[in-house]
Amino acid sequence: MKNHDNHISSDTTNWTVLLVLLILTTISILAIKIHLGAFTVAMALILASIKVTIVLTYFMHLKFENTLLKLMVGGVFLLFAVVIAITFIDYYFR
Amino acid sequence: MSTTEHSEFIDSDTGKMGMWLFLFTELFLFGGLFIVYAVMRSKYAADFHHAALELNAFVGATNTVVLLVSSMTVAMSLTAIQQKRGGKAMGLLFITLLLAGVFMVNKYFEWGHKFSLHLYPGSDVMQTLPHGEIMFFGLYFMMTGLHLLHVIIGGVLLTVVLFKINSGKINSEHYLLQENGALYWHLVDLIWIFLFPLLYLIT
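Sequence lines, in order, name chains A and B. Those letters in the first sequence? Residues 1 to 94, per my numbering, in order. Those letters in the second sequence? Residues 1 to 203, per my numbering, in order.
So that you can see chain A by itself, here it is in the shape it has in the complex (with noise of 0.2 Å):
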């Protein structure tokens, strides 16, 4: 159970990702207070999903994974993002 070869995050890293999370975080707060109507829970998931990716790429190392992994990544999300769209076709047309 050794581990080789893996990235090692410096401090200074760990405390520059925090605090862009924490700008998205006001960001999306403040935000949330300008009428935009529909666009109103699109924005705030924009936010999220920047600030997920923020996390997946530098909080768990996946920028340094190898590609097997990061494919894998990708196409759990992508198959959710069809899951999300399947279950709307099938709710508004059937």
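Just so you know, these hints were derived from the structure itself, not from any lab. Check each hint, because a few of them may be wrong.
The calculated lysine-lysine pairs, modelled on PhoX-like cross-linking and capped at a C-alpha distance of 25 Å, are [stated by the list, open to error]: (1) B:Lys-164 <-> B:Lys-84; (2) B:Lys-43 <-> A:Lys-63; (3) A:Lys-63 <-> B:Lys-16; (4) B:Lys-43 <-> A:Lys-33; (5) A:Lys-70 <-> B:Lys-16.
Computed far set for chain A versus chain B, every beta-carbon distance over 10 Å [as the list claims (entries may be wrong)]: (6) Ile-8; (7) Lys-51; (8) Arg-94.
Nothing here was measured: the structure is a model prediction, and the numbers come from that model. All C-beta atoms in this analysis are idealised placements derived from N, C-alpha and C, irrespective of residue type, glycine included.
Fit chain B to the known structure of chain A by using the hints.
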């Protein structure tokens, strides 16, 4: 000796991949609830709007910050163990556990307030509400409850990691359990990143 080293190396890689596969199942566990939320929100937009006003966005925001900071401390703890700094790694894990505690205390008061208003599944007040609001509160308790269960499991897992660093079983050479524990903790954070805007921010 080199063959042993080789097989150990593969173990670490597959061990991590196994953890990721498990995290995928977790994504779909919460994903199912997110889909129910999305469909119900589109069906009962007005009820969801009204019910969401009950939730305290400040408490939600506080818990978001708490989880984001704890995600960083757990990532820094992994950096510390890789740099052979066990003491620092344990200290950072301890801070992570404290933050998990803060999250749970917040949740205790948040839920306690809802209970004092008789807003819980099956309560007398709940049964008088419109169908969409019942759905919203049902989803709120289910999603935050399931998430809270993950916070508790993550806390237990990180406590085990803390003790194993102390006993030297986890060190700068062997830290797969800590890596996987950290991945689990980040997942808890990921789920919350979506829960917070969907339940607390959007009204």
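For each hint, the structure was consulted:
1. B:Lys-164 <-> B:Lys-84: Holds: B:Lys-164 and B:Lys-84 sit about 14 Å apart, inside 25 Å.
2. B:Lys-43 <-> A:Lys-63: 39 Å, violated
3. A:Lys-63 <-> B:Lys-16: Answer holds: A:Lys-63 to B:Lys-16 is near 15 Å, not above 25 Å.
4. B:Lys-43 <-> A:Lys-33: 23 Å, holds
5. A:Lys-70 <-> B:Lys-16: 13 Å, holds
6. Ile-8: 5 Å, violated
7. Lys-51: Check fails; 5 Å does not lie beyond 10 Å.
8. Arg-94: 12 Å, holds
Comparing the model with each earlier hint shows violations of hints 2, 6, 7; every other hint is respected.
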